Amino acid sequence: MRYSIFSLVRNAATFHENWPLAWRSPAPKRSYDAVVIGGGGHGLATAYYLAKEHGITNVAVLEKGWLGGGNTGRNTTIVRSNYHLDPNAHFYEFSLKLWEGLSQELNFNVMYSARGVLNLVHSPADIDAAIRRGNAMRLNGIDAEFLTRDQIAARIPNLDCSADARFPILGGLLQPRGGTVRHDAVAWGYARGADARGVDIIQRCEVTGIRIERGAVVGVDTTQGFIATTRLGLAVAGHSGHVAAMAGLRLPIESHVLQALVSEPVKPVLDTVVTSGAVHFYISQSDKGELVMGGDLDFYNSYAQRGNLPSIEHVVTACLALFPSFGRLKMLRTWGGIMDMTMDGSPIIGKLPIKGLTMTGGWCYGGFKATPASGWLHAYTIARDSPHALNEAFTLERFAQGRTIDEKGAGPYAWAH
Amino acid sequence: MLLIPCPWCGSRNQVEFTYGGDATVKRPAADASEAAWLDYVYLRDNPCGPHNELWLHSAGCGCWFKLRRDTRTHDILGSVPLDRERSGDAP
Numbered sequence: 001m002r003y004s005i006f007s008l009v010r011n012a013a014t015f016h017e018n019w020p021l022a023w024r025s026p027a028p029k030r031s032y033d034a035v036v037i038g039g040g041g042h043g044l045a046t047a048y049y050l051a052k053e054h055g056i057t058n059v060a061v062l063e064k065g066w067l068g069g070g071n072t073g074r075n076t077t078i079v080r081s082n083y084h085l086d087p088n089a090h091f092y093e094f095s096l097k098l099w100e101g102l103s104q105e106l107n108f109n110v111m112y113s114a115r116g117v118l119n120l121v122h123s124p125a126d127i128d129a130a131i132r133r134g135n136a137m138r139l140n141g142i143d144a145e146f147l148t149r150d151q152i153a154a155r156i157p158n159l160d161c162s163a164d165a166r167f168p169i170l171g172g173l174l175q176p177r178g179g180t181v182r183h184d185a186v187a188w189g190y191a192r193g194a195d196a197r198g199v200d201i202i203q204r205c206e207v208t209g210i211r212i213e214r215g216a217v218v219g220v221d222t223t224q225g226f227i228a229t230t231r232l233g234l235a236v237a238g239h240s241g242h243v244a245a246m247a248g249l250r251l252p253i254e255s256h257v258l259q260a261l262v263s264e265p266v267k268p269v270l271d272t273v274v275t276s277g278a279v280h281f282y283i284s285q286s287d288k289g290e291l292v293m294g295g296d297l298d299f300y301n302s303y304a305q306r307g308n309l310p311s312i313e314h315v316v317t318a319c320l321a322l323f324p325s326f327g328r329l330k331m332l333r334t335w336g337g338i339m340d341m342t343m344d345g346s347p348i349i350g351k352l353p354i355k356g357l358t359m360t361g362g363w364c365y366g367g368f369k370a371t372p373a374s375g376w377l378h379a380y381t382i383a384r385d386s387p388h389a390l391n392e393a394f395t396l397e398r399f400a401q402g403r404t405i406d407e408k409g410a411g412p413y414a415w416a417h
Numbered sequence: 418m419l420l421i422p423c424p425w426c427g428s429r430n431q432v433e434f435t436y437g438g439d440a441t442v443k444r445p446a447a448d449a450s451e452a453a454w455l456d457y458v459y460l461r462d463n464p465c466g467p468h469n470e471l472w473l474h475s476a477g478c479g480c481w482f483k484l485r486r487d488t489r490t491h492d493i494l495g496s497v498p499l500d501r502e503r504s505g506d507a508p
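As given, the protein sequences belong to chains E and D, one line each in that order. Here this note's numbering is used: the first residue of the first sequence is 1, the next is one more, and so on. Here this note's numbering is used: the first residue of the second sequence is 418, the next is one more, and so on.
Hint data in this document are derived by calculation from the structure and do not stem from the laboratory. Remember, predicted model here, so these are calculated numbers, not experimental data. Incorrect hints may have been included.
Stated by the list, open to error - Within a straight-line C-alpha distance of at most 30 Å, the following computed DSSO-like cross-link-like pairs (lysine-lysine) qualify:
1) E:K288 to D:K443
2) E:K97 to E:K351
3) E:K52 to E:K351
4) E:K351 to D:K443
5) E:K64 to E:K351
6) E:K355 to E:K64
Let the sequences and hints guide you as you build the complete structure.
This is how it looks when you write it as structure tokens:
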């Protein structure tokens with residue numbers, strides 16, 4: 001069913017009690033042409049683009065919990081493509097272009113809001129680095145604009161731009177097309193689009209083993225029985241290492257917990273996504289009015305989907321240093337998501353050294369904004385058995401070859417990216 | 418809040434400590450194979466469960482030690498000085 005003003009009016013007449021389900025919940029078949037593990041945004045997008053772009057519709061998405069119940073529902077909804085290194089810049093810009101048209105593509109309102117993402121700078125060295133990154137972005141055809149302190153003060157009046165602030169703001173790099181997207185809608189929109197093209201979405205179906213014969217994938221063991229397939233894609237984010245281990249692989253990935261928190265909802269006070277690398281903080285206001293904020297990892301390996309208070313204290317301290325007027329707000333909720341932190345801070349999207357096995361993962365902090373491009377390129381790689389130009393740099397082999405894509409130059413410490 | 422047992426100072430608040438990653442990786446010999454170096458520098462078991470890891474009591478005694486902690490629950494299962502494998506082992 002196509003959603004439109006007419007379907008809305010028609011269903012309003014019956015008090016919205018007769019909307020059809022957005023996707024089926026079929027029992028798994030015995031075999032599929034391709035199976036994707038992980039029913040978050042990345043896995044659902046992979047299945048959607050496999051069906052839409054490549055005509056491969058005999059596909060199952062296996063999800064151990066419920067759709068979008070992992071990091072798709074736990075991120076802070078920010079999308080941007082303000083990267084310096086070419087592979088990252090091209091990849092994330094491709095993703096941002098997909099975001100711009102995604103509501104029309106999916107006939108599902110993902111509420112993409114190009115409200116701008118502003119990275120604050122607090123030192124002369126920060127200014128140089130921001131302008132350099134902005135110039136690199138513009139050379140790659142990505143919008144970037146350096147704002148002075150006065151321009152920032154005029155745009156964001158409740159940001160403390162005074163000279164005696166704890167970390168004085170000297171300027172900032174703005175990406176105007178960056179912004180936010182409603183994260184749940186991304187999972188639901190891709191699920192609905194994939195299902196309409198014949199993809200089976202199977203929830204509460206945990207993969208317990210990967211069967212490999214003569215170096216090639218032949219299927220997966222699940223809590224709902226064995227499912228045969230020769231093409232298996234992993235889109236399991238924080239559990240990438242754990243699931244890859246079922247295929248006997250070790251990855252250059254550590255899983256870490258990253259927390260976020262939201263305040264009680266208030267009237268509109270902040271119309272830009274504001275971040276500061278120096279104080280490790282980012283904030284935006286949701287359409288419901290909550291201030292959504294986050295900062296750094298908790299800095300220890302974790303699969304717990306919850307963190308501890310020191311990181312939250314750090315985030316709130318940074319928030320009040322930048323926005324003193326938020327001091328009376330009460331925090332409503334905190335939560336944690338498991339980040340698949342790679343050793344160079346960039347993702348792994350491509351083939352693994354077992355025939356028929358691919359992955360999209362290693363997202364570090366950046367998985368949500370990558371969702372459409374990750375799914376698109378993962379589907380391309382599965383369908384063609386070969387990477388696209390946009391993901392050929394994001395191989396697993398780059399670590400052995402010395403071709404790491406280390407945006408921050410932090411070295412092989414997973415938690416440092 | 419993690420209450421981390423430093424083998425020298427006793428249990429202290431996590432804010433006194435700095436994380437050092439997987440304690441089971443061993444630096445290979447300088448002439449070891451590229452595969453051994455790849456393993457050491459980049460690849461990790463990343464277990465979902467008990468994890469042996471390095472911590473530095475950076476705002477305390479300044480010593481590194483090994484902590485065993487469950488990555489699913491954050492339960493702390495024990496700590497030993499750097500030169501021992503298990504608690505009670507001779508140095």
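> Where does the structure disagree with the numbered hints, that is, which hint numbers, in rising order?
Replying inline: Violated hint (a single one): 1; every other hint is consistent with the structure.
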